Each structure stands twice: as structure tokens, then as C-alpha cells.
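Asks: Start from the sequences, fold in the hints, and give me the full structure.
There are 2 protein chains.
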Amino acid sequence: MKTYSGYLIDLDGTMYRGEERIEEASTFVQQLKDREIPYMFVTNNSSKRPSQVVEKLRSHDIPATEEQVYTSSMATAAYIKRQKPDATVYAIGEEGLQSALSKVGLTFGEEQCDYVVIGMDREITYEKLAKAALLVRKGATFLSTNGDIAIPTERGMLPGNGSLTSVITVTTGVSPTFIGKPESTIMELALDELGMRKEETLMVGDNYETDIKAGMNAGLDTLLVHTGVTSREDLIVKEIQPTFTVKNLSEWVIE
Amino acid sequence: MKTYSGYLIDLDGTMYRGEERIEEASTFVQQLKDREIPYMFVTNNSSKRPSQVVEKLRSHDIPATEEQVYTSSMATAAYIKRQKPDATVYAIGEEGLQSALSKVGLTFGEEQCDYVVIGMDREITYEKLAKAALLVRKGATFLSTNGDIAIPTERGMLPGNGSLTSVITVTTGVSPTFIGKPESTIMELALDELGMRKEETLMVGDNYETDIKAGMNAGLDTLLVHTGVTSREDLIVKEIQPTFTVKNLSEWVIE
Numbered sequence: 001m002k003t004y005s006g007y008l009i010d011l012d013g014t015m016y017r018g019e020e021r022i023e024e025a026s027t028f029v030q031q032l033k034d035r036e037i038p039y040m041f042v043t044n045n046s047s048k049r050p051s052q053v054v055e056k057l058r059s060h061d062i063p064a065t066e067e068q069v070y071t072s073s074m075a076t077a078a079y080i081k082r083q084k085p086d087a088t089v090y091a092i093g094e095e096g097l098q099s100a101l102s103k104v105g106l107t108f109g110e111e112q113c114d115y116v117v118i119g120m121d122r123e124i125t126y127e128k129l130a131k132a133a134l135l136v137r138k139g140a141t142f143l144s145t146n147g148d149i150a151i152p153t154e155r156g157m158l159p160g161n162g163s164l165t166s167v168i169t170v171t172t173g174v175s176p177t178f179i180g181k182p183e184s185t186i187m188e189l190a191l192d193e194l195g196m197r198k199e200e201t202l203m204v205g206d207n208y209e210t211d212i213k214a215g216m217n218a219g220l221d222t223l224l225v226h227t228g229v230t231s232r233e234d235l236i237v238k239e240i241q242p243t244f245t246v247k248n249l250s251e252w253v254i255e
Numbered sequence: 001m002k003t004y005s006g007y008l009i010d011l012d013g014t015m016y017r018g019e020e021r022i023e024e025a026s027t028f029v030q031q032l033k034d035r036e037i038p039y040m041f042v043t044n045n046s047s048k049r050p051s052q053v054v055e056k057l058r059s060h061d062i063p064a065t066e067e068q069v070y071t072s073s074m075a076t077a078a079y080i081k082r083q084k085p086d087a088t089v090y091a092i093g094e095e096g097l098q099s100a101l102s103k104v105g106l107t108f109g110e111e112q113c114d115y116v117v118i119g120m121d122r123e124i125t126y127e128k129l130a131k132a133a134l135l136v137r138k139g140a141t142f143l144s145t146n147g148d149i150a151i152p153t154e155r156g157m158l159p160g161n162g163s164l165t166s167v168i169t170v171t172t173g174v175s176p177t178f179i180g181k182p183e184s185t186i187m188e189l190a191l192d193e194l195g196m197r198k199e200e201t202l203m204v205g206d207n208y209e210t211d212i213k214a215g216m217n218a219g220l221d222t223l224l225v226h227t228g229v230t231s232r233e234d235l236i237v238k239e240i241q242p243t244f245t246v247k248n249l250s251e252w253v254i255e
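Chains as they are written, first to last, in full-length UniProt numbering: chain A, 1 to 255; chain B, 1 to 255.
The set of hints was computed from the structure by calculation and includes no laboratory data. Computed from a predicted model, the values in this text were never measured in an experiment. Don't take every hint at face value.
Identical copies go unnamed one by one, so any copy, or any two together, can satisfy a pair.
[What the hints assert, rightly or not] Simulated pairs of lysine to any residue, SDA-like, Cα-Cα distance not exceeding 20 Å:
| no. | residue 1 | residue 2 |
| --- | --- | --- |
| 1 | 138 | 150 |
| 2 | 2 | 241 |
| 3 | 128 | 157 |
| 4 | 128 | 94 |
| 5 | 198 | 219 |
| 6 | 198 | 241 |
| 7 | 128 | 153 |
| 8 | 128 | 154 |
| 9 | 128 | 253 |
| 10 | 131 | 121 |
Replies: See the structure below:
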């Protein structure tokens, strides 16, 4: 097994399953911490602030600091900031998105905007969608934090941000630039935050379509763990396989 | 010119343009009324009750009764009633849809439903979309009053029901059966209401993609009037032309 100097790690299905504990996750991350190997959690969840993610990880005895959390909202904010540092943004989304955008110093606007951003919003209204559609039609650059079509909940699979995003896409005919996994954008920005190069970093996740593809798209080696979405049966038919596959993270030896 | 015993007539762009009057529309409909030629207004608007449509038509001096209005909501209610008279329905939509469904005696439900129906809803919430998605995943038949991706307003083009519908389509992977124009469904149900056969009825409208295609799909002759959406330039490139085309309805001679 190759030695990696850095780790990018998915959350749901990899570190926990909803409210359920994944026993091997804590030991795995604890080993990284003990050996002082830099790691960062990369999540498509656009709703939560890093402090809320840290709280959840710690409740499962997984060592984490706010600086080790990278959400699709933070990646979207960083993406805009690099393109146009003084940009005005109209954003549909929850606390995690709004706080990420203001943290990097972007200005919010509703009339004339450089960017329209949509993230998961359980307080979605027709007026929010109407404003976003009008601004995209006027030429604002259209970004979406992530394209997840559904989110698992105790009630079942509920509409994800990818499905909310489709309202704007369908009505304007303009497709957004997605920032989250499986896009390489979030991975490259997370690598920068971690201060590592892609050649020395491993992407760890349970979902072939998001985590593993994101790693592949960004040129990282990948580790698929079968504790979440993608089963062995799902994986066997994929043309391009992850670099490594384990049943759970106790099988992975950190060198 | 062929003589028609019945007329199906579009509203916006044909009888008026938003709040704006179309001068020739009133005389045209008045002639139909005077000659006792049966006519019916067929609209994709799912939000309004027939009485509200009548009020608007009369404000433009266009003779109309509630029995002469056929909305996509009424067509959806009739469609369900024919398929399953005792059906339970979960409906996202405004007053026009809710009243059309209850008028034909359908039962509303949120837990176990035979049908999920979506129409234009400017009070859309995440919870409504979540309920609809869960029910469609559980096997409810998915209907949408109409697929219009945008609606013209004084603010610009705003999201139409086709774009709201896409949330459920994208998150569940299930495409709805659309009822409104350009589907033949609404036309066939309207013809039944009017009591006419398709061979003797003319479909009149301004929008090639909805009105004219609906007429064609249902096997009716069609009259495109250039007072709304479809311009001469738009029309010239269409492979299949309407039966007749006029600049405005004063050019049409009712025999």
C-alpha cells in the first residue's frame, strides 16, 4: 500500500450513517491525528456551518476542528472569491451557505448580481426562485453548491439541492456550474486548504458517484469504503475502479 | 375556407396579452356567439377558477360563461375521475386546482395516495415537495397540469409549473403525465365538454409549441394568430404548419 501524506474524507456513509455510528471511523481518524497526518472532511452538505459539523463528528468520538471541515458552501464562496473578489451574490440557501459567503467578504444583492448561487434550502419559496430566475436571465453567473438529487432522511429520500436547482435550469435554460462532489472544483479547493498536492493525498468515501468520482476527476487516488451508499454489487459493474476498496475503515492500514 | 361547427380558443396572447387588450378578440368571439357556434376557452393556467377567467374575459368585452372555460386543472380532475372515480389525491397547486379536484368528488390525502398532482403554486414549500416526492416514490401516479417552463409577468419570465414539476421528476426519476397543452389529453376532454367532434372543430391560439401542437396532437385543424408568442419568423422554420395563419383575428372569416 502506498503511503499518503494527506487525507480528504467524506462524512455521511463514511464517518457516520445519519444518526448511526460507524464504529471503525473513530479509530481511523484518531490514527491520522496521532501520526500528525493532515486530513480534512469534504462534504456536499451546504446547510451546516463548520462548527455544527465538528459537533456531530465529536459526538461520534471523531477528532475534528473547524479548520478541518470543508463544505460545498465554503468551496462555492472560495470559487467566487477567486473569480471576482468584489462580487455581488444572490443566494438561495441555509445558514451554512449564507455564512460561508459573508465570511469571505462577498456582498449580497437582489437587484443586480454577478452570481446567483443555490444550495439546499428547506425554506425555499416561489419568490426566491423567481428572483434567481430573473437574475440568471439578466446574465448573472449561475452556481449550484452541489447536484445531489436526493438526501436520505428518516422519512425516506427527500428532494436534494440538485432537484431544487432544476427549477432555475428548466425555467431559464441555463445550466449551473456545480461546485460540490463529483466536480473536481471542491476537491482542488480543499487540497489548497489542506496544503497538500493531489499526488500525495487520498480521497476516502462511500459513494462511488460523488466521492470516488470527485477524487478521480481531481486526479487523486481513491479509497471506497462499503459502509454507506455503494455496495460491492454496485461497484463491480463500474468500468473505472477506485484505487482501493475496503469493507470498513479498520481494514485500511495507515503507514 | 372550411366551416367549423366548434371553436377551442386559447387565452393569453390570443384573447389578451397579460393586462393588455387585443382589440380584434372581442369582435371575433362576439361573432361566434351571434351565430350560435359553440366555443370554449382552453387554458394551461391551473391557478384560476372558471369564474375568475370569465371575469377577465368580460373585462375585455369578450362574451364568456363559466361553462365555456376549460383549465388544465379541470382537465386533470376529469382525467383522474375517468381513471379512478374514488381516487385519493395529493395536490400541490393553487385555488383553481384544489377546487377543480374537489368539484369532481376526489378525496384529498397526504399519507396513502393514488395520485400526486402538481400545478402552479406560488406558495410552494419544501414540505409540499417532500411529501409529493415520498408519495411518488411509494408508487402514486404522478400528474402535472402543464409543462410550461415559464410564465410571462410584468417582472419578466418567472418559473412556470413545468419548472416546479422538475423538482419531483429529478429527485424521484419519475416523469409525470402532463395534461395541459401541447398534450392531446386536455383537447380531447375539452371537445367532450363542448360536445363536438375533432373533425368539425378549430383550435385557435398564438403559441405554436402549446396551442397549435395541442390541436395537431388531437387531430384538430389549427389557426395560429400572430398576436402573442409565435412570430412569423418563428413559424416559417416549423416543418408542420398550422392549417391557417392570420395576423390578427379580424382576418378570420367565420362562415
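Asks: Does each hint hold? Answer for all of them.
Replies: Against the structure, the hints:
With identical chains, the CA atoms of residue 138 and residue 150 are at most 20 Å apart between copies only, with a shortest distance of 15 Å across copies and 29 Å within one. Within a single copy, residue 2 and residue 241 get their C-alpha atoms as close as 17 Å, which meets the 20 Å cut-off; across copies the closest is 66 Å, which misses it. Taking identical chains as interchangeable, the C-alpha atoms of residue 128 and residue 157 lie at most 20 Å apart only when they sit on different chains, with a minimum of 14 Å there against 23 Å within one chain. Taking the shortest Cα distances, residue 128 and residue 94 sit within 20 Å of each other both inside one copy (12 Å) and across copies (18 Å).
With identical chains, the CA atoms of residue 198 and residue 219 are at most 20 Å apart within one copy only, with a shortest distance of 6 Å there and 61 Å across copies. For a Cα distance limit of 20 Å, the shortest separation of residue 198 from residue 241 inside one copy, 18 Å, qualifies, whereas the shortest one across copies, 57 Å, does not. Taking the closest pair of Cα atoms, residue 128 and residue 153 come within 20 Å of each other only across two copies (16 Å); inside a single copy the shortest separation is 24 Å, beyond that limit. Taking the shortest Cα distances, residue 128 and residue 154 sit within 20 Å of each other only across copies (17 Å), while inside one copy they are farther apart (27 Å).
Neither within a single protomer nor between protomers do residue 128 and residue 253 lie at most 20 Å apart by alpha-carbon distance, with minima of 48 Å and 46 Å respectively. In the homo-oligomer, the alpha carbons of residue 131 and residue 121 lie at most 20 Å apart both inside one protomer (15 Å) and across protomers (16 Å), since each shortest distance falls under that limit.
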